[in-house]
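Visitor: Dock chain P against chain X, hints included.
Which chain is which? The protein sequence lines are X and P, in order.
Counted the way UniProt numbering counts, the first sequence spans residues 1 to 210.
Counted the way UniProt numbering counts, the second sequence spans residues 1 to 620.
Don't take each hint at face value.
Some chain X residues flagged as far from chain P (calculated, every beta-carbon gap over 10 Å) [claimed, not checked]:
#1 29
#2 33
#3 45
#4 58
#5 67
#6 100
#7 118
#8 135
Straight-line Cα separation of at most 25 Å, SDA-like style, residue types lysine to any residue; simulated pairs [unchecked claim]:
#9 X:101 / P:599
#10 X:25 / P:544
#11 X:25 / P:552
#12 P:600 / X:16
#13 X:53 / P:140
#14 X:100 / X:53
#15 P:484 / P:423
#16 X:181 / P:189
#17 X:25 / X:98
#18 P:273 / P:353
#19 X:95 / P:598
#20 P:600 / X:63
#21 X:25 / P:531
#22 X:25 / P:423
#23 P:600 / X:21
#24 X:208 / X:131
#25 X:25 / P:614
#26 P:600 / X:173
#27 X:100 / X:89
#28 X:181 / P:187
#29 X:25 / P:273
#30 X:100 / P:542
#31 X:181 / P:599
#32 X:53 / X:154
#33 P:531 / P:189
#34 X:181 / P:614
#35 X:101 / X:16
#36 X:181 / P:590
#37 P:600 / X:174
#38 X:181 / P:592
#39 X:25 / P:514
#40 P:609 / X:20
Just so you know, the hints here were simulated from the structure itself, not pulled from any lab data.
If you're wondering where the values come from, they're calculated on a predicted model, not measured in any experiment.
C-beta atoms are modelled at their ideal positions from N, C-alpha and C, and glycine is treated no differently.
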Amino acid sequence: MSTHEDVLSSENLPHEPERATLEGKNKFMGFWFFLGGETVLFASLFGTYLALKNSFGEAEGTPSQDLFGLPLVFIMTMILLTSSLTSVYAIYHMKNHAFKKMMVWFGITVLLGAAFLGLEVYEFNHYVHDYGHTFTAHAFGSAFYALVGFHGAHVAFGLGWFIVLMIRNARRGLNLYNAPKFYLASLYWHFIDVVWVFIFTVVYLMGKVG
Amino acid sequence: MSTAALEKQGFGATLWDYLTTVDHKKIGILYLLGGGFFFLLGGLEAMLIRLQLMLPDNELIGAQFYNEVMTMHGTTMIFLAAMPLIFAFMNAIVPLQIGARDVAFPFVNALGFWLFLFGGLLLNLSWFMGGAPDGGWTAYAPFSIWSPTHGFDFYAIGLQITGFGTLMGGINFIVTIVNMRAPGMTYMRMPLFTWTALIASVLILFAFPALTVGLFLMTFDRLFGANFFVPEMGGNEIIWEHLFWIFGHPEVYILVLPAFGIFSEVITTFSKKRLFGYSAMVFATVLIAFFGFMVWAHHMFTVGMGPIANSIFAIATMAIAVPTGIKIFNWLFTMWGGNIRLTTPMLWAAGFIPTFTIGGMTGVMVAVAAADLQYHDTYFVVAHFHYVIVGGVVFGLIAATHYWWPTMFGKILNEKLGKWTFWLFFIGFHLTFFIQHFLGLMGMPRRYWKFLPGQELEVGNFISTIGALLMAVGTIILLYNIVKTTVSGEKCDSDPWDGRTLEWSLPNPTPHYNFKQLPLVRGLDPLWIEKTQGNGKMIPAEPVNDIHMPNNSFLPFMMSLGLFIAGLGFIFRTDSTMGYIGIVAGLVIFFGSMIIRSVKDDLGYHIHKEDLEEEGAGAE
Numbered sequence: 001m002s003t004h005e006d007v008l009s010s011e012n013l014p015h016e017p018e019r020a021t022l023e024g025k026n027k028f029m030g031f032w033f034f035l036g037g038e039t040v041l042f043a044s045l046f047g048t049y050l051a052l053k054n055s056f057g058e059a060e061g062t063p064s065q066d067l068f069g070l071p072l073v074f075i076m077t078m079i080l081l082t083s084s085l086t087s088v089y090a091i092y093h094m095k096n097h098a099f100k101k102m103m104v105w106f107g108i109t110v111l112l113g114a115a116f117l118g119l120e121v122y123e124f125n126h127y128v129h130d131y132g133h134t135f136t137a138h139a140f141g142s143a144f145y146a147l148v149g150f151h152g153a154h155v156a157f158g159l160g161w162f163i164v165l166m167i168r169n170a171r172r173g174l175n176l177y178n179a180p181k182f183y184l185a186s187l188y189w190h191f192i193d194v195v196w197v198f199i200f201t202v203v204y205l206m207g208k209v210g
Numbered sequence: 001m002s003t004a005a006l007e008k009q010g011f012g013a014t015l016w017d018y019l020t021t022v023d024h025k026k027i028g029i030l031y032l033l034g035g036g037f038f039f040l041l042g043g044l045e046a047m048l049i050r051l052q053l054m055l056p057d058n059e060l061i062g063a064q065f066y067n068e069v070m071t072m073h074g075t076t077m078i079f080l081a082a083m084p085l086i087f088a089f090m091n092a093i094v095p096l097q098i099g100a101r102d103v104a105f106p107f108v109n110a111l112g113f114w115l116f117l118f119g120g121l122l123l124n125l126s127w128f129m130g131g132a133p134d135g136g137w138t139a140y141a142p143f144s145i146w147s148p149t150h151g152f153d154f155y156a157i158g159l160q161i162t163g164f165g166t167l168m169g170g171i172n173f174i175v176t177i178v179n180m181r182a183p184g185m186t187y188m189r190m191p192l193f194t195w196t197a198l199i200a201s202v203l204i205l206f207a208f209p210a211l212t213v214g215l216f217l218m219t220f221d222r223l224f225g226a227n228f229f230v231p232e233m234g235g236n237e238i239i240w241e242h243l244f245w246i247f248g249h250p251e252v253y254i255l256v257l258p259a260f261g262i263f264s265e266v267i268t269t270f271s272k273k274r275l276f277g278y279s280a281m282v283f284a285t286v287l288i289a290f291f292g293f294m295v296w297a298h299h300m301f302t303v304g305m306g307p308i309a310n311s312i313f314a315i316a317t318m319a320i321a322v323p324t325g326i327k328i329f330n331w332l333f334t335m336w337g338g339n340i341r342l343t344t345p346m347l348w349a350a351g352f353i354p355t356f357t358i359g360g361m362t363g364v365m366v367a368v369a370a371a372d373l374q375y376h377d378t379y380f381v382v383a384h385f386h387y388v389i390v391g392g393v394v395f396g397l398i399a400a401t402h403y404w405w406p407t408m409f410g411k412i413l414n415e416k417l418g419k420w421t422f423w424l425f426f427i428g429f430h431l432t433f434f435i436q437h438f439l440g441l442m443g444m445p446r447r448y449w450k451f452l453p454g455q456e457l458e459v460g461n462f463i464s465t466i467g468a469l470l471m472a473v474g475t476i477i478l479l480y481n482i483v484k485t486t487v488s489g490e491k492c493d494s495d496p497w498d499g500r501t502l503e504w505s506l507p508n509p510t511p512h513y514n515f516k517q518l519p520l521v522r523g524l525d526p527l528w529i530e531k532t533q534g535n536g537k538m539i540p541a542e543p544v545n546d547i548h549m550p551n552n553s554f555l556p557f558m559m560s561l562g563l564f565i566a567g568l569g570f571i572f573r574t575d576s577t578m579g580y581i582g583i584v585a586g587l588v589i590f591f592g593s594m595i596i597r598s599v600k601d602d603l604g605y606h607i608h609k610e611d612l613e614e615e616g617a618g619a620e
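Okay, chain X solo, but in the shape it has when bound:
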């Protein structure tokens, strides 16, 4: 039976500090289930997108082949995939109880995530102003921004989560109480990354070939 002092000390951490306590184990499992629910959420959005892709009704609109530009989206994809890799490094260092290195790699992850988000804002801005491809213009626009926007909102939430965690724990190091929190944030980040891989394929690549 652990006391508060044990939980909060950063010495003698076990090999997998994220799952060493019952609370940690519960969080670990609960978060995986949560991601299962999120999968259904995105699956529903993907289904809606596929049903409404290039669907303009009586409205004017630019079809996906002419709208999307792959170079920018490719750069975004690479940035987000790299950020997933850097969060793996962070967790690797967490398992070795190297707190400072973990923070450095999470910091890099946040920077990459912010860069991705910045490019996405630029991309949306470009579509809106140069093509009139807005959320309200037609069903294709609604479905596109709903799917990609939901992903973007997840990225923004993930960034906020990382930043709050890093600021809160900057001065006290790793312990059994915050290790699960860092682990879950990185799990969430990987999930966002996987969703993006599907968006890249289904929305952009398949959008290009028509």
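Guide: Chain P only, in chain X's frame:
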């Protein structure tokens, strides 16, 4: 903080305790109160419907109001009455049945309750703020998109908030059941109610996100000018129907599986036999859940999906009758040769079997796609789903109320009044709904405000309304029973029904840490094993030790309040600037509380070994 100290505190302290509690037993009571309130509200709406349809060409209530009442009856009963009442018993009983001291995420559990309550209140505020939703509980586009009042805005945002709470509750129970079972409580020793709670939680997890997306799309269309369901702008109305039913059909099983679990507990206890075909029951539960995800389009046979799709969904639907049949026979075989005691819960269980079987048979009838074109949107369908949802879920919930009242409140509900409730409600139910099958076959469409004289629909509708009045009387007697028992009932024995599962091994009242020492489970029906092979008490699986407990928190209330305010803001954003203020204020409260939760360490506290030993046997 001992239980005795809690009982002596004043009203303000008790209120604060319940506003901040993370104890699953108290959250169960909160769910029971909240769900019970909305059940009465939904019942009141049902009475208005039946009184309007008592006589032909009746003018009791107006057409617009009728549409609102009809929509809110369905929405309230499913989302705000049945779901929370199921959660009430899952909260109150599941941790006790698996031998756990609390749920996996006590904070999230409290958050789930407050989200449900604030979502339900938001939805019902629509009555006072321009009119309730009026296009049916299924909210099909285009009604829901073009409905001129704010009704469906309240629907979309109210259900969204409630849905978040339900999703969290589902995850919480999966993890609780998977991770926190007592030593020896293997999966195949879990009581059936716990099994069904687990499977229903899995269904919640994978079904609710589809509703979340559907409601988001509706919100975007109504409030933000999107075009998901607007055909002239390229939208497609059928997407809503698919998303709604991908959620909606599993929802039926989310509701009825725990009710099946309740009946399995009641029937074994009052037949004094172990459940017949336990592993077949578990298998059937899993199979029903599995099939439950593959049949959603049977609600859409008339949409025009084509004969192949219709046939596949028809056959998958009929297949569900097989595992359900397994269950019906296993309950019958459990009773067969048992030492049956016809207590109130057992009466409900016995009444459930034929009632639900009738509902199942009409279910197979409406599953025949070709025939469904005739049944669709008639009172035949209304009769069918009331037979399964009232006959299955409501009967189950009332049985559970009587069966687990001693566990939750330490007293037994009056048996005589309980039997009056049963007979009035049971007869009233069949009087109301059996005749509706025939009204439907005679062509009476559902959701219509009136019917005309001279079409031979008068007698059936009149009988139906009389039945509804009987159900109302039965419910009032149940309420009277609850008040009477609470005021003047005597504290009962900790095991009044001669129970078989772990919740009956606990003292009355249950200590807030549930088990002083976690019990060692030696098989199915662990308490019964100790009664027949041991000394009638559970063998401890651990020495007396410090117990770790979670801290109370006011943040779940604040987070839900934040979403409630932000939701109102979104609804009235276009009407006045107050809307924007509401959005900002609500989101600041919500995210602010979330950040406080993240930043402030919440390590809980320990009940020390010495204090536990001091309390001893005498304190309980």
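Visitor: Which hints, by number, does the structure contradict?
Guide: 1, 2, 3, 4, 8, 14, 16, 20, 21, 22, 25, 28, 29, 30 and 34
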